[in-house]
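Trainee: Keeping their order, the protein sequence lines are chains A and B.
Residue 306 is where the first sequence ends in the UniProt record's numbering, and the numbering goes up by one at each step.
Residue 306 is where the second sequence ends in the UniProt record's numbering, and the numbering goes up by one at each step.
Derived from the structure by calculation, the hints contain no laboratory data.
Please read all numbers here as calculations on a predicted model, not as lab measurements.
Any given hint might turn out to be false.
For chains that are exact copies, the list does not tell them apart, and a pair is met inside one copy or across any two.
In the PhoX-like style, the derived pairs of lysine-lysine whose C-alpha atoms are separated by at most 20 Å in a straight line are [unchecked claim]:
| # | residue 1 | residue 2 |
| --- | --- | --- |
| 1 | K132 | K261 |
| 2 | K194 | K298 |
| 3 | K125 | K93 |
| 4 | K186 | K298 |
| 5 | K132 | K277 |
| 6 | K280 | K94 |
| 7 | K277 | K298 |
| 8 | K132 | K34 |
| 9 | K94 | K159 |
| 10 | K94 | K133 |
| 11 | K94 | K43 |
| 12 | K186 | K159 |
| 13 | K228 | K186 |
| 14 | K133 | K280 |
| 15 | K93 | K299 |
Number of protein chains: 2
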Amino acid sequence: METETNSSDYISSVIPGWFSEISPMWPGEAHSLKVEKILFQGKSDYQNVMVFQSSTYGKVLVLDGVIQLTERDECAYQEMITHLPLCSIVNPKKVLVIGGGDGGVLREVARHSSVEQIDICEIDKMVVDVSKKFFPDVAIGYEDPRVTLRVGDGVAFLKAVPEGTYDAIIVDSSDPIGPAQELFEKPFFESVAKALRPGGVVSTQAESIWLHMNIIEDIVANCRQIFKGSVNYAWTTVPTYPSGMIGFMLCSTEGPPVDFKHPVNPIDVDDSQRKSKPLKFYNSELHTAAFCLPSFAKKVIDSGAE
Amino acid sequence: METETNSSDYISSVIPGWFSEISPMWPGEAHSLKVEKILFQGKSDYQNVMVFQSSTYGKVLVLDGVIQLTERDECAYQEMITHLPLCSIVNPKKVLVIGGGDGGVLREVARHSSVEQIDICEIDKMVVDVSKKFFPDVAIGYEDPRVTLRVGDGVAFLKAVPEGTYDAIIVDSSDPIGPAQELFEKPFFESVAKALRPGGVVSTQAESIWLHMNIIEDIVANCRQIFKGSVNYAWTTVPTYPSGMIGFMLCSTEGPPVDFKHPVNPIDVDDSQRKSKPLKFYNSELHTAAFCLPSFAKKVIDSGAE
Chain A
1 METETNSSDY
11 ISSVIPGWFS
21 EISPMWPGEA
31 HSLKVEKILF
41 QGKSDYQNVM
51 VFQSSTYGKV
61 LVLDGVIQLT
71 ERDECAYQEM
81 ITHLPLCSIV
91 NPKKVLVIGG
101 GDGGVLREVA
111 RHSSVEQIDI
121 CEIDKMVVDV
131 SKKFFPDVAI
141 GYEDPRVTLR
151 VGDGVAFLKA
161 VPEGTYDAII
171 VDSSDPIGPA
181 QELFEKPFFE
191 SVAKALRPGG
201 VVSTQAESIW
211 LHMNIIEDIV
221 ANCRQIFKGS
231 VNYAWTTVPT
241 YPSGMIGFML
251 CSTEGPPVDF
261 KHPVNPIDVD
271 DSQRKSKPLK
281 FYNSELHTAA
291 FCLPSFAKKV
301 IDSGAE
Chain B
1 METETNSSDY
11 ISSVIPGWFS
21 EISPMWPGEA
31 HSLKVEKILF
41 QGKSDYQNVM
51 VFQSSTYGKV
61 LVLDGVIQLT
71 ERDECAYQEM
81 ITHLPLCSIV
91 NPKKVLVIGG
101 GDGGVLREVA
111 RHSSVEQIDI
121 CEIDKMVVDV
131 SKKFFPDVAI
141 GYEDPRVTLR
151 VGDGVAFLKA
161 VPEGTYDAII
171 VDSSDPIGPA
181 QELFEKPFFE
191 SVAKALRPGG
201 VVSTQAESIW
211 LHMNIIEDIV
221 ANCRQIFKGS
231 VNYAWTTVPT
241 YPSGMIGFML
251 CSTEGPPVDF
261 KHPVNPIDVD
271 DSQRKSKPLK
281 FYNSELHTAA
291 FCLPSFAKKV
301 IDSGAE
């Protein structure tokens, strides 16, 4: 699977010795990190995979030239995409993660003692293996005994899930160019809704309001048709993501109402008996704040609301 | 004042045709914007000044190699640094802006109909002139008849201000390397406190929690000694600032208490008779949300609280 590739395929160098993230998804701008050492380069069946040691952000995981996580700021994304849905319902028991092969979302799900079953469906085994090797503090999520890993296509996996199986589904995808494209489309959201119990919740990576209002508008419109409980957009700061932020769609299915803006299952105070490290980023105040949008985004996102 | 300078002084080497922001303030990372055309380059008594047309962020103002504003995202910074303080007190009448030579903060202050006097002290006339020429939608702030511009040193200006003059002071500075250094030091904050009326408010640019917790910790400690009303930290997303965000110190002097987290002077609903364009970014919900901090920052910032 792994092949030798010329490093110039990966280090699209704007600055010699630096990794620059250049993509048609964010034309005309690029974020660059200084590279100390390239630790891994491979090509899986799905994408190019690279890990490098950066000089100031720790180790960095890159898929198809796009930064997925850095050790320095991964806490923001992993904690928010996980606890925004799981702290919004009482006693989540069965949780499904689509994507998220690095294991960081698993690590966060595992903080919830009510959870009995954590399934993950990641399409790319190389991402799992590379994370276990180079990001032990992230991939530690796999060590929880409640976790079952399926390597395969999340879309196909979801279709086969019996109706109403999960309390929560977390879609930790890359951008809608490449292997994750279907995870932004309507049939996928329909499968998600079907796999959730009544009043179940989903959290999906939903791009940046500064860069992709058009994508977000489409996702919101799709979600409003499919999730009859509630449909919300939240966001968080992540310095190494384009525009320095990332958003999430938080939706619930018809059933017991879910008010995402007011968490009912707080996780702020860490159980002292727990082995895991304390939360670095998420807290209940920030949970509520994450749903407050700048006016230019609020206008577009609210415009489709009934 | 204006001198011819080799463009290589500014375009700190990248793919030809891109501007990269490289600074010891954020080692190991750089944000780059694609340059369509350099519109202005000059060297004032204080700093290098550049304006370029970017391919996707509109026109960009750069001082000493650091992006100060882009047409695409300037609304976030200007609206938040201005309305966080002015919406937190009833009937602000006299407002002082230190720095802010581009005029964007003036534009935002002018939205408040209670304001009778807007003084601005900017050290660098070239910034004012360049903004008026290239950023008319920002420098429009100067056209308000309540505005008086002083070109000079903000530190010296403040020392001469009679005690208790202003309801609000907004310190719109660049980073604490270069001409703005003194604006981050204790004697300056003492002058600010003296120039404010009892229960008056100050808003100052206060860097990023991802990059400069050590600077922020010092600023917070200084402010706690000097501002006996309240001391708070807020933040906002700004894609073209390092780490994609920027923070503000919001403090009040001893006197009528100011609860910054609950705005008492909302400006959401635009007065239809007003000539100015509607707010793009700020709203009351976002005002309150801006004070909610990630746990790693909250821990440090709250630790000095009485």
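Trainee: Now, for every hint given, state plainly whether the structure supports it.
Mentor: How the hints compare with the structure:
1. K132 x K261: neither (34 Å within a copy, 42 Å between copies)
2. K194 x K298: Neither, since 28 Å and 39 Å both go past 20 Å.
3. K125 x K93: Neither, since 26 Å and 63 Å both go past 20 Å.
4. K186 x K298: neither (22 Å within a copy, 39 Å between copies)
5. K132 x K277: within (18 Å within a copy, 52 Å between copies)
6. K280 x K94: Neither: 25 Å inside a chain and 41 Å across chains, both beyond 20 Å.
7. K277 x K298: Intra 35 Å, inter 17 Å, cutoff 20 Å: inter-copy only.
8. K132 x K34: Answer is neither; intra-copy 23 Å and inter-copy 37 Å both fail.
9. K94 x K159: within (17 Å within a copy, 63 Å between copies)
10. K94 x K133: neither (28 Å within a copy, 60 Å between copies)
11. K94 x K43: Close neither inside one copy (33 Å) nor across copies (62 Å); limit 20 Å.
12. K186 x K159: within (13 Å within a copy, 62 Å between copies)
13. K228 x K186: Result: close within a single copy only, 14 Å intra versus 55 Å inter.
14. K133 x K280: Neither way: K133 and K280 sit 23 Å apart in one copy and 45 Å across, limit 20 Å.
15. K93 x K299: neither (35 Å within a copy, 31 Å between copies)
Hint compliance for this structure: hints 1, 2, 3, 4, 6, 8, 10, 11, 14, 15 are not met, and every other hint is.
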